[in-house]
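Chains as they are written, first to last, in this note's numbering: chain A, 19 to 423; chain B, 19 to 423.
Don't take each hint at face value.
As the list claims (entries may be wrong) - Calculated cross-link-like contacts (lysine to aspartate or glutamate; reagent style EDC-like; alpha-carbon spacing at most 20 Å):
(1) A:Lys44 <-> A:Glu150
(2) B:Lys44 <-> B:Glu146
(3) B:Lys44 <-> A:Glu265
(4) B:Lys68 <-> A:Asp350
(5) A:Lys382 <-> B:Glu282
(6) A:Lys186 <-> A:Glu265
(7) B:Lys382 <-> A:Asp420
(8) B:Lys361 <-> B:Glu282
(9) A:Lys68 <-> B:Asp350
Derived from the structure by calculation, the hints contain no laboratory data.
Number of protein chains: 2
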Amino acid sequence: MITQIKGGVCAAKGFKAGGIHCGIRKNRTKRDLALIVSEVPAAAAGVYTKNLVKGAPILVTQKNIANGKARAIVCNSGNANTCNANGIEIAEAMCRVTGDALGIAPDDVVVASTGVIGQPLSIDPIAEHIGELAASVTSDGSAYAAEAIMTTDTKKKEVAYSFTAGGKECRIGGIAKGSGMIHPNMATMLVFVTTDCAISAEMLQKALSEDVKTSFNMVSVDGDTSTNDTVCVLANGMAGNLEIADEGADFDAFAEALHAVTVELCKMIAGDGEGATKLLTCELSGAPNAETAQTVAKSVICSSLTKAAMFGADANWGRILCAIGYSGVFVDVNKVDVSFRSKAGEILVCKGGAGVDFSEETAKTILTESEIDIVVALNDGDASATAWGCDLTYDYVKINGDYRT
Amino acid sequence: MITQIKGGVCAAKGFKAGGIHCGIRKNRTKRDLALIVSEVPAAAAGVYTKNLVKGAPILVTQKNIANGKARAIVCNSGNANTCNANGIEIAEAMCRVTGDALGIAPDDVVVASTGVIGQPLSIDPIAEHIGELAASVTSDGSAYAAEAIMTTDTKKKEVAYSFTAGGKECRIGGIAKGSGMIHPNMATMLVFVTTDCAISAEMLQKALSEDVKTSFNMVSVDGDTSTNDTVCVLANGMAGNLEIADEGADFDAFAEALHAVTVELCKMIAGDGEGATKLLTCELSGAPNAETAQTVAKSVICSSLTKAAMFGADANWGRILCAIGYSGVFVDVNKVDVSFRSKAGEILVCKGGAGVDFSEETAKTILTESEIDIVVALNDGDASATAWGCDLTYDYVKINGDYRT
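So that you can see chain A by itself, here it is in the shape it has in the complex (with noise of 0.2 Å):
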């Protein structure tokens, strides 16, 4: 059985968290480095952007997990120390000063960094903090690391639930950044995820590899895929249930866990998305096998049109069809039936592939409200699949439209 707990990434034993203004923003009430540390050494696993520019950091984060351990996160915003040419050598050196605060190896660190693409990032005021910010870590700080890694987010994105394995009392949490430059491809924008479940590096990769698929690769924002984008997860067994060294029934529980943390990420992340004002589901049934399931529900949460017409209330469906036409995998359209759904009610809207009579007012009150599901049956199978988005506004683009100066 899986709980929602409080505490996000402190939720599991042995895990503490903060999150400071170093000056990386010129913000001074805006907190810019986070740090999350293990009390013990972790199991390490992640995923990462398949953009073939990559940050800096996601290299050096790569190196410094090969050996499936890690013992800390330190995440900087602000900067994404991408397209740099010293980009590696910073990362490094931020691995470097947070390893000399906490007296650990500069390689059981992992590094990410967020924020404005090309623009040099200073050592100095990581450096110059980072020891205040190792002495402020707490088992109830995760909130100032989630702050802290925020960018154009309008809201902290922290989650954790307890579920049992192997008999023991399991947490497991994360948090989140994420709100633009979302569309992601096997990995995601910047998620952190702890756990005090026993579980071997092995296990933890395949389980989180896995996930990515039906969680983070499910959200899109605007269709771009970040440079940045790290998913990682450290458990540091502290719940003491025996290691989760092979598939089975305690796997089975772990991965419902982490699937519970990321599908709520997934979530947050989407109805904060750049100048969003509704989050959009769509849940896709009736096809013939997942990959089809996935890519046509994919399709409708990213169609610019739909999106437009969601924040309009507008029952414009035919936008619906032409994004399950476009999606590049086969779709017999004269078998799609359409609705919409909110806590407002639900309205079939296309039958068949054609039209059906409908009321524009009931609809137009279900599409008012601030979270819509698209609801979509190929009729042609058994599998499903679900999608997460957003609707399109002005304020995404009046946010885009001058972010970096």
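Please arrange chain B on chain A, whose structure you already have, making use of the hints.
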């Protein structure tokens, strides 16, 4: 030698055109039915959307020009006649009433529709007014036809050129509509081209199919591939040149003139993208092959973040590197140079994948112009490509938040 001339689809000998308000649209000042007629039978070629959801008119047009010939094009705006149970029946009725009005066979008529998807189209206003329209076509009526096919377009799109083939002066001209739902795949929007050049249907189709790869397929406004995209060319041979029936100098001259028409229409469509304030051109060079060049150039033009930055005149070149990195084809990002150019000047912002010092003030001045070139050099081969797009603005959201109701 190619010379730009006036006359749009009526520039070529023996073509007449017109456009009227027949009543499909409520706004009585907006023309909504267009007709283009050739005095004599013409060779016909077409390319169409790859969207699995295809407008009924496309299916009827494909059947009608399967024999390689046609004499007239009828097109309404205000309703796409797509995803309607009786779509085919209505599209066939449009050909029948047009054929009757002109005294030609119904299967010599090309039919197209554009506008909202999924609302039944009544034949009544068309049947009632087609006689009036057929009587009103003239050899200077191209602008009326261009206006009658507009939807959210703010500008009429027409262009014509004269060229020489087989020692004879030939003319070729076209009209287009397209502003949103623009991301063609092997075809695009609605484009009608006429020429008096004598060319076999087979060679006409070959020229057109080849041309769209570097013209309409390289345009994107919003990443949404329409259900009704159609490009159709009629060639009536009235220039008196020896019919072009195989490759050679004459075919090349024709292909060059066709490309002049299509590229000009591409720029008009991109520059008139929904809500657009700027025409963006990505000039990409130094690619290892044409496919890489085209894929990368289009990825840059499609990036919502790049489009919003261009709206804000923000030289955020990191977003361009990002879009190059997620295009799906391999690029050595450490070799990439990026400049911005407009009539106010040119500025290098990225060299070898990393930022260079540049004047933000100069960049702002360059990016404040209404036509911006994003100049990308991959420095990894000899292939090049050009793609056209537009900025992402508040008005795109406004137009699409409430298009239907």
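Hints and how they fare:
Of the pairs offered as hints, the one joining A:Lys44 and A:Glu150 holds, with about 19 Å between alpha carbons and a cut-off of 20 Å not exceeded. For the proposed pair B:Lys44 and B:Glu146, the alpha carbon gap of about 16 Å is at most 20 Å, so the pair holds. Among the hinted pairs, B:Lys44 with A:Glu265 is inconsistent with the structure: their alpha-carbon atoms are about 64 Å apart, more than 20 Å. A distance of roughly 14 Å separates the Cα atoms of B:Lys68 and A:Asp350; the hinted pair therefore holds under the 20 Å criterion.
Using a Cα cut-off of 20 Å, the hinted pair A:Lys382 and B:Glu282 is violated, with the two alpha carbons roughly 41 Å apart. Proposed proximity of A:Lys186 and A:Glu265 is supported: the alpha carbons are some 17 Å apart, at most 20 Å. Between B:Lys382 and A:Asp420 the CA atoms are separated by roughly 11 Å; this keeps the pair inside 20 Å, and the hint holds. Distance hint between B:Lys361 and B:Glu282 is fulfilled; the C-alpha atoms sit about 19 Å from each other, no more than 20 Å.
With a CA separation close to 14 Å, the supplied pair A:Lys68 and B:Asp350 stays within the 20 Å bound.
When each numbered hint is compared with the structure, violations occur for hints 3 and 5.
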